[in-house]
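S.K.: Listed here are the chains, written in short residue letters.
There are 2 protein chains.
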Amino acid sequence: MSKKNEVTTRALSGFMELLPQEQIAFNNMLDIIRNTYETFGFVPIDTPILERFGTLLAKAGGETEKQIYQFTKGKSELAMRFDLTVPLSRYVVEHYGDLTFPFRRYAIGKVFRGERAQSGRFREFYQCDIDVIGNEVLDLRFDAEIPSVIYTIFREFGFDAFTIRVNNRKIFNGLFEGLNIDEFRVDIMRSIDKLEKIGRNGVEKELNKLGIVSEKIIRIFDFLNIKGNSQEILNALKQLDITNEKFDEGIEELSKVVDMMRQFDIPEKNFAIDLTIARGLDYYTGTVYETQLDEYPEIGSVCSGGRYDDLASTYTDRKLPGVGISIGLTRLFDQLRSRDLINIDFVTKTKVLVVPMTEDIKQSVSIATVLRKNNISTEISFVEGKLKKRLTYANKKKIPFVIFIGEDEIEKKVYMLKDFVNGTQEILSREDLLQKLKRAL
Amino acid sequence: MSKKNEVTTRALSGFMELLPQEQIAFNNMLDIIRNTYETFGFVPIDTPILERFGTLLAKAGGETEKQIYQFTKGKSELAMRFDLTVPLSRYVVEHYGDLTFPFRRYAIGKVFRGERAQSGRFREFYQCDIDVIGNEVLDLRFDAEIPSVIYTIFREFGFDAFTIRVNNRKIFNGLFEGLNIDEFRVDIMRSIDKLEKIGRNGVEKELNKLGIVSEKIIRIFDFLNIKGNSQEILNALKQLDITNEKFDEGIEELSKVVDMMRQFDIPEKNFAIDLTIARGLDYYTGTVYETQLDEYPEIGSVCSGGRYDDLASTYTDRKLPGVGISIGLTRLFDQLRSRDLINIDFVTKTKVLVVPMTEDIKQSVSIATVLRKNNISTEISFVEGKLKKRLTYANKKKIPFVIFIGEDEIEKKVYMLKDFVNGTQEILSREDLLQKLKRAL
Numbered sequence: 239m240s241k242k243n244e245v246t247t248r249a250l251s252g253f254m255e256l257l258p259q260e261q262i263a264f265n266n267m268l269d270i271i272r273n274t275y276e277t278f279g280f281v282p283i284d285t286p287i288l289e290r291f292g293t294l295l296a297k298a299g300g301e302t303e304k305q306i307y308q309f310t311k312g313k314s315e316l317a318m319r320f321d322l323t324v325p326l327s328r329y330v331v332e333h334y335g336d337l338t339f340p341f342r343r344y345a346i347g348k349v350f351r352g353e354r355a356q357s358g359r360f361r362e363f364y365q366c367d368i369d370v371i372g373n374e375v376l377d378l379r380f381d382a383e384i385p386s387v388i389y390t391i392f393r394e395f396g397f398d399a400f401t402i403r404v405n406n407r408k409i410f411n412g413l414f415e416g417l418n419i420d421e422f423r424v425d426i427m428r429s430i431d432k433l434e435k436i437g438r439n440g441v442e443k444e445l446n447k448l449g450i451v452s453e454k455i456i457r458i459f460d461f462l463n464i465k466g467n468s469q470e471i472l473n474a475l476k477q478l479d480i481t482n483e484k485f486d487e488g489i490e491e492l493s494k495v496v497d498m499m500r501q502f503d504i505p506e507k508n509f510a511i512d513l514t515i516a517r518g519l520d521y522y523t524g525t526v527y528e529t530q531l532d533e534y535p536e537i538g539s540v541c542s543g544g545r546y547d548d549l550a551s552t553y554t555d556r557k558l559p560g561v562g563i564s565i566g567l568t569r570l571f572d573q574l575r576s577r578d579l580i581n582i583d584f585v586t587k588t589k590v591l592v593v594p595m596t597e598d599i600k601q602s603v604s605i606a607t608v609l610r611k612n613n614i615s616t617e618i619s620f621v622e623g624k625l626k627k628r629l630t631y632a633n634k635k636k637i638p639f640v641i642f643i644g645e646d647e648i649e650k651k652v653y654m655l656k657d658f659v660n661g662t663q664e665i666l667s668r669e670d671l672l673q674k675l676k677r678a679l
Numbered sequence: 239m240s241k242k243n244e245v246t247t248r249a250l251s252g253f254m255e256l257l258p259q260e261q262i263a264f265n266n267m268l269d270i271i272r273n274t275y276e277t278f279g280f281v282p283i284d285t286p287i288l289e290r291f292g293t294l295l296a297k298a299g300g301e302t303e304k305q306i307y308q309f310t311k312g313k314s315e316l317a318m319r320f321d322l323t324v325p326l327s328r329y330v331v332e333h334y335g336d337l338t339f340p341f342r343r344y345a346i347g348k349v350f351r352g353e354r355a356q357s358g359r360f361r362e363f364y365q366c367d368i369d370v371i372g373n374e375v376l377d378l379r380f381d382a383e384i385p386s387v388i389y390t391i392f393r394e395f396g397f398d399a400f401t402i403r404v405n406n407r408k409i410f411n412g413l414f415e416g417l418n419i420d421e422f423r424v425d426i427m428r429s430i431d432k433l434e435k436i437g438r439n440g441v442e443k444e445l446n447k448l449g450i451v452s453e454k455i456i457r458i459f460d461f462l463n464i465k466g467n468s469q470e471i472l473n474a475l476k477q478l479d480i481t482n483e484k485f486d487e488g489i490e491e492l493s494k495v496v497d498m499m500r501q502f503d504i505p506e507k508n509f510a511i512d513l514t515i516a517r518g519l520d521y522y523t524g525t526v527y528e529t530q531l532d533e534y535p536e537i538g539s540v541c542s543g544g545r546y547d548d549l550a551s552t553y554t555d556r557k558l559p560g561v562g563i564s565i566g567l568t569r570l571f572d573q574l575r576s577r578d579l580i581n582i583d584f585v586t587k588t589k590v591l592v593v594p595m596t597e598d599i600k601q602s603v604s605i606a607t608v609l610r611k612n613n614i615s616t617e618i619s620f621v622e623g624k625l626k627k628r629l630t631y632a633n634k635k636k637i638p639f640v641i642f643i644g645e646d647e648i649e650k651k652v653y654m655l656k657d658f659v660n661g662t663q664e665i666l667s668r669e670d671l672l673q674k675l676k677r678a679l
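Those protein sequences? They're chains X and H, same order as listed. Going letter by letter, the first sequence gives residues 239 to 679 in this note's numbering. Going letter by letter, the second sequence gives residues 239 to 679 in this note's numbering.
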């Protein structure tokens, strides 16, 4: 298309922009998430996209801080939110007196991270979060309820083969504490992350260099080598003979959460204990989750979260423990689309195109209104020109039904219905038309 | 609440932040808008909140430009969108080849304007837009369809007394052209806007100073004094005896649009010709709309829009005429709330709280799952403590039904249902429980 003034009309790179038919599919996924959150009794909140830089920064730092879109307007130092959790913590502290605890909230909105643009990474993306925030205490059973929300959503998405991986941060932390090597935790984890690349020998050499004795290295590998189903993993953990309260607590919690997940009717095939997940994040303090699509492990986790002891420690001394998850829908949608896993069923939600063949549009408007009241999305064709041109519109937009209303139809108060799916055409009374369309749609 | 580090936890001023019960009411209004747009066959698009500054600026200027939140990140000059129309024009040009025309799109999202903060003005607010974009041409009947969308939405909101005011820009422009005073248009309109303040005499003096002869001033006042119902106004306009093609065209279009609005079944009391509206905006070129709540005229227009000849003239030479409207929901909600016109019906959408009285939660989870599948929003109480404390939660959140499941209930596979609305309590089988709740909710 010819362009004047050489103004760029492309959206910025790293910012997803969809065609309408893709947007409809995207919104359908968003609706599934929102509806599931609501049927589980989560209430919506919608915090501003812009916050004071100081407020957001209070919790950020490191890599995140570099990614923040920040600027000054007048005297205000502003920043665009980079997640929905920091705004949640600010919100809970600000509105504490008006909230009922446990506070079950969902939030769906765009967040912004000025990362280096690369395939599959977005600078603007939707997060869809739920969190349950307790006042001082929060029962462990909420940790088991959260995966049942994940399960419901991914089933509604149409997936069968997915695994909700659970772990408990206390196990890993307790292991290091129990072996008296807590001070090397970050270095050890960095080494372990290279396991696939440099092999057990390579990792052992690195741990040796840190000054960790062989006996402890063996214990670490005993831990890393634990495999099996949930019960086998829990048994093996107990047999590791680590003397540390946190370690025991972690096993106890994980064991209870897994047991309750069964009571929550999550099929065995859709969850697993995975001792390796979320080891790098210091935010979480207990249960952690990741969710994997079994047939597409390369996508990575499509829904992650966990338990934290203290939501808002930067803003308040009050203890607000929580547990929650986030679905990064923009990235998930992009990954599914690139694998042709998104059904572009509809170019539009319009089911009926009413084509008035006369100047008098009263009957056309009237039937359109009735159909809309019956929640049947309906358009009236106001395009000038030959019938063929007007039908091209219906075909391009894949509108399944067209109703023609000409002089004959107006005189006899009937409707000519063309059914593009079955290729039929018939003349119907108003009542028959409505019944037929309601049945068909 | 005690605050550490003196970090501000208040949202920025000019940024609306709602409590959950208000958010539910807000979202209900958003859903009405979205659902209405969809039943009228508009498809969704969702453009980025951040755009290149140069792209947004191409269409902005003046006051708007000063309000834009703009900043530099790396090498990019970025800006936050200040409306949904400029992104739409960019979108249509960029995706021209992939769209079907007339392109009927809706967009609902936040826009940003760094205005001086004042009561009732927001720096971040939702716009809810529809537009129909034609390729080269766009039938006038779309101008009449748009008010029927407005009508449907405000009826769904629960309003009865509202007026969709229509006018046509060509009438005012044609009048000035016909009187050969087009060059003074901006000054004349500025004077006329002061009519209530300085009276007819004051305005006449100002117009005199501009060098406009008395005979023309009389004609302007003849125009401004036109009153009556739609037909009377149209007749009076024709009798003004202005010789100008644009003027005649404006009357012709306005007359047709009003006639078709009747065919669209918009009651006479809900629309009116108003020759004074939208005179200041140079963006619109034909039909213009404003919508007023009759009992609250001080709120001003709650839904405005109009017809423009050329959506994307800054980006393309192709002619893309359009017609559309925008609802500024944040401001509307704020105005209604301050007048106590928002029903805070629900603190939560949760209808049922299931209270397990034993360690075994299987039956509780099972009935919760069934209820959720029937779209009944359900929570399970995992709060430790006495029954009274757990019921306080239900009362605070105004959850109408509570199901107790203790040892007895598990043994007999029954459910004790407490109905807080009717104050009853009964023991029911699973099937009876489900039927009763489905009937009640």
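Hint data in this document are derived by calculation from the structure and do not stem from the laboratory. Since this is a predicted model, take the numbers as computed values, not measurements. Keep in mind that a hint or two might mislead.
[Unchecked claim] Derived CB-CB ranges, DEER-like:
(1) H:Asp555 x X:Glu434: 55 to 65 Å
(2) X:Val659 x H:Glu421: 53 to 63 Å
(3) X:Leu257 x H:Gln469: 20 to 30 Å
(4) X:Lys304 x H:Lys626: 29 to 39 Å
(5) X:Asn581 x H:Asp547: 34 to 44 Å
Glycine included, each C-beta is placed from N, C-alpha and C at the ideal position.
S.K.: Which hints, by number, does the structure contradict?
M.R.: Hint check: 3, 4 fail, others pass.
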